[in-house]
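There are 2 protein chains.
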Amino acid sequence: MIPKGFFFSGISAGVKKNGKNDLGLVLFEKEVISAGLYTKNRVKSPSVTYTKRVIEKNYPGALLVVSGNANACVKDGMADIKTIVSALGSKLKIDPEKISFASTGVIGVKMPVNIIKASFENLIDNLKKDDFREFSSAIQTTDAFEKVSHRSFKTDDKKINILVLGKGAGMIAPDMATMLVFIFTDANISKDLLSSALKSAVDNSFNIISVDGDTSTNDMVLAFASGLAGNKLIDKKDENFKIFSENLSSACLDVAKLIVKDGEGATKIIKFILHGAKDRKSALKILKTVANSQLVKTAFYGCDPNWGRIMAGIGRSGVIIKEDKIDIDIAGMPVVRNGVEVKGFSEKKLKEKMKDDEVTVTINLNSGKESAVFYTSDLTTDYVKINSAYRT
Amino acid sequence: MIPKGFFFSGISAGVKKNGKNDLGLVLFEKEVISAGLYTKNRVKSPSVTYTKRVIEKNYPGALLVVSGNANACVKDGMADIKTIVSALGSKLKIDPEKISFASTGVIGVKMPVNIIKASFENLIDNLKKDDFREFSSAIQTTDAFEKVSHRSFKTDDKKINILVLGKGAGMIAPDMATMLVFIFTDANISKDLLSSALKSAVDNSFNIISVDGDTSTNDMVLAFASGLAGNKLIDKKDENFKIFSENLSSACLDVAKLIVKDGEGATKIIKFILHGAKDRKSALKILKTVANSQLVKTAFYGCDPNWGRIMAGIGRSGVIIKEDKIDIDIAGMPVVRNGVEVKGFSEKKLKEKMKDDEVTVTINLNSGKESAVFYTSDLTTDYVKINSAYRT
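Chains as they are written, first to last, in my numbering: chain E, 1 to 392; chain D, 1 to 392.
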């Protein structure tokens with residue numbers, strides 16, 4: 001299950017005030033093939049800028065993650081990273097330019113560089129081949145639980161493992177919102193095809209979830225491939241690539257759904273399926289508008305079958321639609337046909353069904369052949385409580 | 001104060017279950033000049049489609065408003081309107097095609113046409129020249145208080161009155177979200193110039209407020225001018241037009257701010273001022289992204305000076321910005337300069353200041369000469385409570 005070629009460690013260095021793990025390290029047995037996708041927010045942590053360069057130019061040798069401090073909107077954030085990776089590089093005897101670096105937490109507070117440096121010996125001492133749990137807990141901030149998924153499968157009779165570790169709860173939106181995801185695999189794969197599989201996996205997982213429509217300064221998804229599975233190099237889009245790619249996508253979707261489930265204060269996942277759109281772009285535009293609507297999200301929290309809010313969301317998405325062609329089902333029950341309420345639809349029965357942990361909303365525009373899926377969580381009083389006092 | 005030429009009435013017809021006023025009528029002493037702006041939501045109540053035609057084609061003779069039922073996403077919504085205005089027209093002895101009609105409330109439930117028709121006698125009996133309060137209360141739904149503003153001023157020694165009555169709380173966003181606003185004036189003004197003044201007033205009031213980013217199926221702002229002030233016809237953009245236009249804008253801004261203040265569950269108004277933008281469009285794009293951010297809104301509810309969320313909002317708006325040029329002041333205190341926290345800034349002191357009823361956030365991009373203003377409310381646990389059980 002754990003891919004070959006990776007050593008994991010996680011400790012409490014004191015970046016977080018609550019004594020929880022806040023420093024994570026993964027050391028690579030050999031230099032790895034890597035790929036990454038990054039936040040599109042124009043206000044970016046230097047951690048993102050820095051690591052993008054490591055992934056693009058080098059074969060990384062290690063990954064260091066700090067949680068509890070975003071290293072964003074601070075003076076000399078880049079210089080601080082360089083001090084940190086230099087110190088770690090000399091301890092690990094690897095080129096500091098081969099160390100990927102990620103950070104997450106409060107914005108605008110300077111990194112406690114000395115505290116971090118002072119913890120490296122302890123961090124390195126705790127490296128383990130078969131246990132990623134301390135690392136996994138070290139990348140969390142407001143998460144209620146850890147997000148882990150893995151796949152094992154065979155190509156050419158060689159067993160390949162993929163491990164996906166994620167961090168994120170709240171502030172998640174399409175295009176890489178506050179979220180860190182690290183993917184480790186022992187597949188033998190070219191950089192180009194790892195990038196291609198990653199892009200497709202992220203488009204079908206982290207880019208179709210949303211907790212509150214905000215995106216952050218620090219998000220990244222990184223994939224590292226050690227090649228130690230010993231399979232024949234995957235360097236073209238053949239059957240083996242397809243198997244790898246599908247497994248990567250489905251493991252990423254697991255973690256994406258866990259992130260939605262852990263949406264701050266969330267009580268349920270809402271899965272939106274849209275059929276009958278003209279193209280995928282407009283399908284996603286509609287789904288994002290509906291799924292990010294505070295009124296839709298609060299209605300689901302209250303198990304209130306207020307389908308009018310879904311209709312209003314569809315109408316204001318900017319996509320041209322025909323109101324009298326729209327069908328909506330909630331939790332498998334037909335609610336709207338041709339833009340109006342289904343006769344005899346039982347609000348009481350539907351309210352009961354909406355109490356489930358996962359509720360599916362199916363919308364059919366009946367205006368085309370394209371479909372799309374989107375996941376979100378409900379908006380609850382607990383969300384507001386958690387987020388009204390995060391910094392202070 | 002009350003413009004000449006209007007008779008107001010409001011009663012409880014039984015559309016709302018709670019016995020509050022739900023039917024409002026304004027009868028015009030003579031046919032009036034009118035102008036209107038309407039929701040851009042593609043899912044529209046036939047009330048919007050119907051009234052747009054009345055305003056465009058006719059000189060309206062009356063305005064009927066139903067609250068408690070949106071008349072949206074229902075079968076035969078247009079036919080129901082025609083039945084209603086026909087009945088009212090014959091009672092009032094005016095052409096039914098000259099009756100403007102607005103509705104607000106729950107979506108997807110058929111209008112109780114008979115209940116409404118049965119109340120017309122009572123409604124007409126209650127028409128009053130000097131008291132708009134019953135009408136004003138009849139247009140409210142979840143509003144905690146009524147929204148009224150007025151202006152009296154002189155052009156050519158003739159006194160002109162403007163009265164603005166609004167409805168709206170929650171679901172308010174730029175481009176006419178769930179909101180009804182009716183403007184009555186006795187100014188003598190041409191249709192073109194009334195339209196022009198209305199457009200400009202709405203751009204600087206209702207289009208720069210936001211409660212939760214949703215927009216609705218039923219919103220409209222209608223202006224009616226009786227001409228009975230007896231001023232020289234305003235038919236060009238001269239000084240008199242300017243006076244009229246400025247008074248209309250400022251009265252509309254009053255009502256817009258009252259709507260924000262009444263944002264469901266809101267405890268405060270947040271006023272965002274943006275300086276140093278390249279153009280007004282990008283200035284508004286940034287302000288809308290920041291002001292609609294759930295994380296920004298919850299932080300203000302908690303009086304939490306989490307300026308990183310403002311920075312992240314600026315960064316994800318889609319506008320190209322220079323992070324290291326951004327300055328932010330909150331409640332008059334410098335918090336961010338050149339993209340980083342101001343040294344020695346007192347979080348504790350700012351927390352105190354953020355407890356005010358209205359908090360101003362000033363952002364300077366230092367990248368241009370354009371400015372813009374935007375108002376929003378905070379996001380509170382009460383918002384979620386109110387909206388999780390609206391329909392059932």
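Treat the hints with caution; some may be incorrect.
As the list makes no split between identical chains, a pair holds if one copy fits it or if it spans any two.
Unchecked claim - Below 30 Å or equal to it, Euclidean Cα-Cα: the simulated DSS-like pairs (lysine-lysine) are:
no., residue 1, residue 2
1, LYS30, LYS385
2, LYS271, LYS158
3, LYS91, LYS232
4, LYS40, LYS191
5, LYS98, LYS236
6, LYS343, LYS75
7, LYS281, LYS257
8, LYS351, LYS385
Derived by calculation from the structure, the hints in this document are not laboratory data.
Cross-check of the supplied hints:
Taking the shortest Cα distances, LYS30 and LYS385 never come within 30 Å of each other, neither inside one copy (45 Å) nor across copies (54 Å). Taking CA atoms no more than 30 Å apart as the test, LYS271 paired with LYS158 passes in neither setting, with 36 Å inside one copy and 61 Å between copies. Proximity of LYS91 to LYS232 under the C-alpha cut-off of 30 Å is found in neither arrangement, the shortest distances being 34 Å within a copy and 86 Å between copies. Taking identical chains as interchangeable, the C-alpha atoms of LYS40 and LYS191 lie at most 30 Å apart only when both belong to the same chain, with a minimum of 22 Å there against 47 Å between chains.
In the homo-oligomer, the alpha carbons of LYS98 and LYS236 lie at most 30 Å apart inside one protomer (27 Å), although the nearest pairing across protomers, at 70 Å, exceeds that limit. Only between protomers do LYS343 and LYS75 lie at most 30 Å apart by alpha-carbon distance; the minimum there is 11 Å, versus 62 Å within a single protomer. In this homomeric assembly, LYS281 and LYS257 come within 30 Å of each other (Cα to Cα) only inside a single copy, at 21 Å, whereas the closest approach across copies is 36 Å. For a Cα distance limit of 30 Å, the shortest separation of LYS351 from LYS385 qualifies both inside one copy, at 25 Å, and across copies, at 17 Å.
The structure is inconsistent with the numbered hints 1, 2, 3, although it conforms to all the rest.
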